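Which chain is which? The protein sequence lines are A and B, in order. Using this note's numbering, read the first sequence as starting at 1 and increasing by one per residue. Using this note's numbering, read the second sequence as starting at 1 and increasing by one per residue.
It should be emphasised that the hints constitute simulated quantities derived from the structure, not laboratory data. Bear in mind that the values here come from a model prediction, so they are computed numbers and not experimental data. There could be a bad hint or two in this list.
Unchecked claim - Here are the simulated lysine-lysine pairs, DSS-like style, with alpha carbons at most 25 Å apart:
| id | chain 1 | residue 1 | chain 2 | residue 2 |
| --- | --- | --- | --- | --- |
| 1 | B | LYS235 | B | LYS276 |
| 2 | B | LYS235 | A | LYS235 |
| 3 | B | LYS235 | A | LYS276 |
| 4 | B | LYS47 | B | LYS120 |
| 5 | B | LYS120 | A | LYS276 |
| 6 | B | LYS208 | B | LYS218 |
| 7 | A | LYS304 | A | LYS198 |
| 8 | A | LYS235 | B | LYS120 |
2 protein chains.
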Amino acid sequence: MAQVKNKQIVLKDYVNGFPKESDMLLLTSDTINNLKLPEDSNAVLVKNLYLSCDPYMRGRMSNSQGRYIDSFTPGSPIEGFGVAKVIDSGHSNFKKGDLVWGMTRWEEYSIIKSPESIFKIEDTDVPLSYYTGILGMPGMTAYIGFYEICAPKKGEYVFVSAASGAVGQLVGQFAKLSGCYVVGSAGSKEKVDLLKNKFGYDEAFNYKEEQDLDAALKRYFPDGIDIYFENVGGKMLEAVLSNMKFNGRISACGMISQYNLEQGEGVRNLTHIVTKSLRMQGFIAGNYFHMFPKYLEMVMPLIKQGKISYIEDVAEGLESAPAALIGLFSGRNVGKQVVVVARE
Amino acid sequence: MAQVKNKQIVLKDYVNGFPKESDMLLLTSDTINNLKLPEDSNAVLVKNLYLSCDPYMRGRMSNSQGRYIDSFTPGSPIEGFGVAKVIDSGHSNFKKGDLVWGMTRWEEYSIIKSPESIFKIEDTDVPLSYYTGILGMPGMTAYIGFYEICAPKKGEYVFVSAASGAVGQLVGQFAKLSGCYVVGSAGSKEKVDLLKNKFGYDEAFNYKEEQDLDAALKRYFPDGIDIYFENVGGKMLEAVLSNMKFNGRISACGMISQYNLEQGEGVRNLTHIVTKSLRMQGFIAGNYFHMFPKYLEMVMPLIKQGKISYIEDVAEGLESAPAALIGLFSGRNVGKQVVVVARE
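One chain only, chain A, in its complex shape:
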């Protein structure tokens, strides 16, 4: 029986500290029989097209025994969101030729054994890679984190950190659509320019050029911050807490500055949460996927009418995936980091 070769990106072992490309390995396996599922399978066999690099994946590279996120399995392919084409299906929801997005693996072909983690793509009148970002998990993250968690009101003051990333670029635009004043921080002049000139941020600054983050925030928010969309943590969070207004809301989406530290930076001014009646809330977009149709209804017309901008940083080829993932943690990507495995 014919065997199909399947290139894979495999995690070598659990990672401590800052991850490196060499923590992952390109292997070639030959496990899938002639690109056919066994007769009695109810899995879905897909050809992966686009893979998503997301900051939360750092947590899965550590040994997370007793924690709340499953680790990757050393020796097995990395798992992550992606866009794929169905090659064979034993599941009634999917048929050969369907395009899907959802949880897949970093390899050319994957057998999806839990098809409840993939969703059929109905609208292909947009770039398919968008389903790793604005039309996928990061889009839902921006939507839920901003609208559901922060309940923005017109005229409120919004701050977004890591603002040019997959999520941040959308939050800023949602904030403008809601009539808010929005300022973003990012790590390069190029990104700051994008925030102001492409994503419609009212103001933006390069946090690497600020000696004093507290002073920077006071400059941009002399009357304080109502809503903070938190992607960074650590010193940035500390500076933000000092500048939050009474009844402010913090959507705790991520804390990318802390993921590679053995010991997190201490945040020393949490008493602001008490004295200013702040609400800080973590969330996981996956717990809100029932709201995906509602989100699509809002965002799809905005995309098609050109009322929302979206920038991708595209890495070509499965072999480029490890560097693309590592790049997130030094801020090398500009916009949503995608890896193209195949274009259909």
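Using the hints, position chain B against chain A.
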């Protein structure tokens, strides 16, 4: 015209670090004419009976320019919650002989110029001093912080720090009434015994005797904590975050361990807020006083039927007030700290 002498406790100057009795001064003024208000006044003149010592008052002893809580005025009497009797009234809501609770000053007689900050006591069939605690601001704080902020469900695991204080003793009992499992921490064997034997806590421990707070919490909550009622902050909060369950809620009522520090202790594991979808919310009972009647409806029958326990630490005489207030910060009080100025 006759002048009435009026003993007062005055803040000498703004306080840095740990407050001392000598930061306050007993003065005798003679400002109130024959215990009568001027004809055209719409204020209320009261004789103070019971004064409340509360941890939040530490914040008002500092120079809070630009912060969200008003400082006390150096040279003027301390302000605080209390129970008082109306001596004269220029306001239609109050008449001579009425008993009231609300914001008054640390002196024998006070002229209340903003009578919207006092409430008439309708039910005097309970000790009047209760209106500084279980029937006043601390009671509302426990009620709002537990029921409104944490939305407890039967069978959930609840942890309360500073659990024998005015608020904590009530939260534990509310938790038991809601069918939760509840553990409290306090700072002495006497208090731990009270928690278990008087307030119905399932378990309690003396945090001063624990080398490792994280290990202590793992001992009492092998499956994790759903609800944390936060009165302490700092290292205790850090240990709690490590032990919170997914979708846990933290009611940020106070952080008494941090109030006298020049620089707060750093909390290094806030990434748990992201990865476990935690919600941490500060609140001020004063913003929920519209719910006071609803609270009374719940708690008054419990008091009268002996279904709730409540312990006060009573200091006699206005002159004992500074020591009573300072004692809160070393945990000297056992139960709600009250100062008796006069018994009617």
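Check: Can you list which hints this structure breaks, lowest number first?
Finding: Violated hints: 5 and 8; rest satisfied.
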